[in-house]
Amino acid sequence: MFKVGDKAVYPAHGVGVIESIESREISGDKHTFYILRILENNMTIMIPTKKAGDVGLREIISIDEIPRVYEILKERDVMPENQAWNRRYREYMEKIKTGSVFEIAEVLRNLFLLKLDKDLSFGERRIMDTARSLLVKEISAANNSSEKNTLQNIETIFSC
1 MFKVGDKAVY PAHGVGVIES IESREISGDK HTFYILRILE NNMTIMIPTK KAGDVGLREI
61 ISIDEIPRVY EILKERDVMP ENQAWNRRYR EYMEKIKTGS VFEIAEVLRN LFLLKLDKDL
121 SFGERRIMDT ARSLLVKEIS AANNSSEKNT LQNIETIFSC
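The sequence shown lines up with residues 1 to 160 when you count with the working numbering.
I should point out that these hints are in silico values taken from the structure, not numbers from a laboratory. On a predicted model such as this, the values are computed, not experimentally measured, just so you know. Be aware that a few hints might be false.
Claimed, not checked - Below 30 Å or equal to it, Euclidean Cα-Cα: the simulated DSBU-like pairs (lysine-lysine) are:
1. K118 with K97
2. K74 with K3
3. K3 with K50
4. K30 with K3
5. K148 with K118
6. K95 with K51
7. K30 with K74
8. K95 with K115
9. K30 with K95
10. K148 with K50
11. K51 with K3
12. K95 with K118
13. K97 with K3
14. K7 with K30
15. K118 with K3
16. K30 with K51
17. K7 with K50
18. K50 with K118
19. K51 with K74
20. K118 with K7
21. K50 with K74
22. K118 with K74
23. K97 with K115
24. K51 with K118
25. K51 with K115
26. K115 with K50
27. K74 with K97
28. K7 with K74
Go ahead and model the full structure; you've got the sequences and the hints to work with.
Have a look at this one:
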(Lines of atoms letter the chains of each structure in order from A and count residues from 1; the text may use other names and numbers.)
(Lines give C-alpha, C1' and ligand atoms only; values in the text may rest on other atoms or scores of the structure.)
Protein backbone atom coordinates (compact mmCIF):
# COMPACT_ATOMS: atom_id res chain seq x y z
CA MET A 1 0.00 0.00 0.00
CA PHE A 2 1.33 3.37 -0.98
CA LYS A 3 0.76 6.68 0.75
CA VAL A 4 0.76 10.23 -0.54
CA GLY A 5 4.29 11.38 -1.35
CA ASP A 6 5.67 7.88 -2.01
CA LYS A 7 7.69 7.34 -5.15
CA ALA A 8 6.59 4.41 -7.27
CA VAL A 9 7.38 2.91 -10.66
CA TYR A 10 4.70 2.39 -13.29
CA PRO A 11 5.74 0.02 -16.11
CA ALA A 12 6.97 1.65 -19.32
CA HIS A 13 6.41 5.14 -17.83
CA GLY A 14 8.95 5.16 -15.03
CA VAL A 15 9.16 6.86 -11.66
CA GLY A 16 6.26 8.86 -10.34
CA VAL A 17 4.96 10.29 -7.10
CA ILE A 18 1.68 9.37 -5.45
CA GLU A 19 0.04 12.80 -5.47
CA SER A 20 -3.19 11.73 -3.79
CA ILE A 21 -5.49 8.84 -3.04
CA GLU A 22 -9.02 9.52 -4.21
CA SER A 23 -12.37 7.78 -4.14
CA ARG A 24 -14.61 7.82 -7.19
CA GLU A 25 -17.99 6.33 -7.87
CA ILE A 26 -18.08 4.28 -11.06
CA SER A 27 -21.27 2.51 -12.15
CA GLY A 28 -22.65 2.86 -8.64
CA ASP A 29 -19.59 1.30 -6.99
CA LYS A 30 -17.08 3.26 -4.95
CA HIS A 31 -13.44 2.73 -5.96
CA THR A 32 -10.21 4.10 -4.52
CA PHE A 33 -7.43 5.26 -6.84
CA TYR A 34 -3.80 6.24 -6.53
CA ILE A 35 -3.16 9.42 -8.47
CA LEU A 36 0.37 9.00 -9.78
CA ARG A 37 2.26 11.86 -11.44
CA ILE A 38 5.09 10.63 -13.67
CA LEU A 39 8.18 12.72 -12.95
CA GLU A 40 9.57 12.80 -16.49
CA ASN A 41 6.56 14.35 -18.21
CA ASN A 42 4.06 15.25 -15.44
CA MET A 43 1.53 12.80 -16.90
CA THR A 44 -1.12 11.81 -14.35
CA ILE A 45 -2.27 8.21 -14.11
CA MET A 46 -5.20 6.92 -12.03
CA ILE A 47 -4.56 3.41 -10.72
CA PRO A 48 -7.20 1.44 -8.80
CA THR A 49 -5.65 0.64 -5.43
CA LYS A 50 -7.00 -2.92 -5.57
CA LYS A 51 -5.33 -3.50 -8.95
CA ALA A 52 -2.02 -1.70 -8.30
CA GLY A 53 0.00 -4.90 -8.17
CA ASP A 54 -1.79 -6.38 -11.17
CA VAL A 55 -0.89 -3.41 -13.38
CA GLY A 56 2.73 -3.52 -12.20
CA LEU A 57 2.86 -0.50 -9.89
CA ARG A 58 5.76 -1.11 -7.53
CA GLU A 59 8.13 0.62 -5.16
CA ILE A 60 11.40 1.94 -6.56
CA ILE A 61 14.33 -0.39 -6.10
CA SER A 62 16.26 -0.22 -2.86
CA ILE A 63 19.73 1.24 -2.77
CA ASP A 64 21.00 -2.31 -2.11
CA GLU A 65 19.68 -3.48 -5.50
CA ILE A 66 21.52 -0.84 -7.55
CA PRO A 67 24.79 -2.84 -7.74
CA ARG A 68 22.85 -5.74 -9.30
CA VAL A 69 21.60 -3.39 -12.05
CA TYR A 70 25.16 -2.25 -12.74
CA GLU A 71 26.35 -5.87 -12.81
CA ILE A 72 23.75 -6.70 -15.46
CA LEU A 73 24.92 -3.72 -17.52
CA LYS A 74 28.57 -4.86 -17.19
CA GLU A 75 27.93 -8.42 -18.40
CA ARG A 76 29.60 -9.00 -21.75
CA ASP A 77 29.31 -12.79 -22.02
CA VAL A 78 25.80 -12.53 -23.40
CA MET A 79 25.16 -12.23 -27.09
CA PRO A 80 21.77 -11.00 -28.20
CA GLU A 81 19.92 -13.50 -30.37
CA ASN A 82 20.50 -13.05 -34.07
CA GLN A 83 16.92 -12.41 -35.12
CA ALA A 84 15.06 -9.90 -37.23
CA TRP A 85 15.01 -6.38 -35.81
CA ASN A 86 11.17 -6.33 -35.55
CA ARG A 87 11.17 -9.52 -33.49
CA ARG A 88 13.86 -8.11 -31.19
CA TYR A 89 11.84 -4.91 -30.97
CA ARG A 90 8.72 -6.78 -29.78
CA GLU A 91 10.76 -8.86 -27.32
CA TYR A 92 12.46 -5.80 -25.85
CA MET A 93 9.21 -3.85 -25.61
CA GLU A 94 7.69 -6.74 -23.65
CA LYS A 95 10.61 -6.62 -21.23
CA ILE A 96 10.22 -2.86 -20.79
CA LYS A 97 6.48 -3.28 -20.19
CA THR A 98 7.18 -5.65 -17.27
CA GLY A 99 8.52 -2.65 -15.38
CA SER A 100 11.36 -4.74 -13.95
CA VAL A 101 14.47 -2.61 -13.60
CA PHE A 102 16.55 -5.76 -14.14
CA GLU A 103 14.80 -6.63 -17.42
CA ILE A 104 15.20 -3.03 -18.57
CA ALA A 105 18.93 -3.22 -17.74
CA GLU A 106 19.16 -6.38 -19.89
CA VAL A 107 17.48 -4.58 -22.79
CA LEU A 108 19.90 -1.65 -22.56
CA ARG A 109 22.93 -3.96 -22.32
CA ASN A 110 21.78 -6.15 -25.22
CA LEU A 111 21.15 -3.18 -27.47
CA PHE A 112 24.52 -1.70 -26.57
CA LEU A 113 26.23 -4.99 -27.46
CA LEU A 114 24.26 -5.21 -30.69
CA LYS A 115 25.21 -1.63 -31.54
CA LEU A 116 28.90 -2.60 -31.34
CA ASP A 117 28.26 -5.15 -34.08
CA LYS A 118 25.88 -3.30 -36.41
CA ASP A 119 23.68 -0.26 -36.82
CA LEU A 120 20.48 -0.29 -34.80
CA SER A 121 17.12 0.25 -36.48
CA PHE A 122 15.19 3.41 -35.67
CA GLY A 123 12.88 1.41 -33.37
CA GLU A 124 15.82 -0.18 -31.56
CA ARG A 125 17.43 3.23 -31.01
CA ARG A 126 14.16 4.47 -29.51
CA ILE A 127 13.96 1.45 -27.21
CA MET A 128 17.56 2.00 -26.16
CA ASP A 129 16.82 5.63 -25.31
CA THR A 130 13.69 4.58 -23.39
CA ALA A 131 15.54 1.89 -21.44
CA ARG A 132 18.38 4.29 -20.61
CA SER A 133 15.94 6.96 -19.44
CA LEU A 134 13.91 4.56 -17.29
CA LEU A 135 17.07 3.21 -15.63
CA VAL A 136 18.58 6.63 -15.01
CA LYS A 137 15.41 7.94 -13.40
CA GLU A 138 14.87 4.93 -11.14
CA ILE A 139 18.48 4.61 -10.01
CA SER A 140 18.63 8.36 -9.34
CA ALA A 141 15.43 8.19 -7.30
CA ALA A 142 16.67 5.15 -5.38
CA ASN A 143 19.95 6.67 -4.25
CA ASN A 144 18.94 10.35 -4.25
CA SER A 145 21.57 11.26 -6.80
CA SER A 146 21.35 13.50 -9.82
CA GLU A 147 20.27 12.02 -13.13
CA LYS A 148 23.44 13.48 -14.63
CA ASN A 149 25.63 11.43 -12.24
CA THR A 150 23.64 8.28 -12.86
CA LEU A 151 23.84 8.75 -16.63
CA GLN A 152 27.62 9.27 -16.36
CA ASN A 153 27.91 6.01 -14.36
CA ILE A 154 25.99 4.12 -17.03
CA GLU A 155 27.97 5.70 -19.88
CA THR A 156 31.20 4.80 -18.09
CA ILE A 157 30.12 1.15 -18.02
CA PHE A 158 29.52 1.22 -21.77
CA SER A 159 32.71 3.10 -22.66
CA CYS A 160 34.81 0.01 -22.12
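Results of checking the hints against the structure:
no. : hint           : in the structure
1   : K118 with K97  : holds, 25 Å
2   : K74 with K3    : violated, 35 Å
3   : K3 with K50    : holds, 14 Å
4   : K30 with K3    : holds, 19 Å
5   : K148 with K118 : holds, 28 Å
6   : K95 with K51   : holds, 20 Å
7   : K30 with K74   : violated, 48 Å
8   : K95 with K115  : holds, 19 Å
9   : K30 with K95   : violated, 34 Å
10  : K148 with K50  : violated, 36 Å
11  : K51 with K3    : holds, 15 Å
12  : K95 with K118  : holds, 22 Å
13  : K97 with K3    : holds, 24 Å
14  : K7 with K30    : holds, 25 Å
15  : K118 with K3   : violated, 46 Å
16  : K30 with K51   : holds, 14 Å
17  : K7 with K50    : holds, 18 Å
18  : K50 with K118  : violated, 45 Å
19  : K51 with K74   : violated, 35 Å
20  : K118 with K7   : violated, 38 Å
21  : K50 with K74   : violated, 37 Å
22  : K118 with K74  : holds, 19 Å
23  : K97 with K115  : holds, 22 Å
24  : K51 with K118  : violated, 42 Å
25  : K51 with K115  : violated, 38 Å
26  : K115 with K50  : violated, 41 Å
27  : K74 with K97   : holds, 22 Å
28  : K7 with K74    : holds, 27 Å
In terms of the numbered hints stated before, the structure departs from hints 2, 7, 9, 10, 15, 18, 19, 20, 21, 24, 25, 26, listed from lowest to highest.
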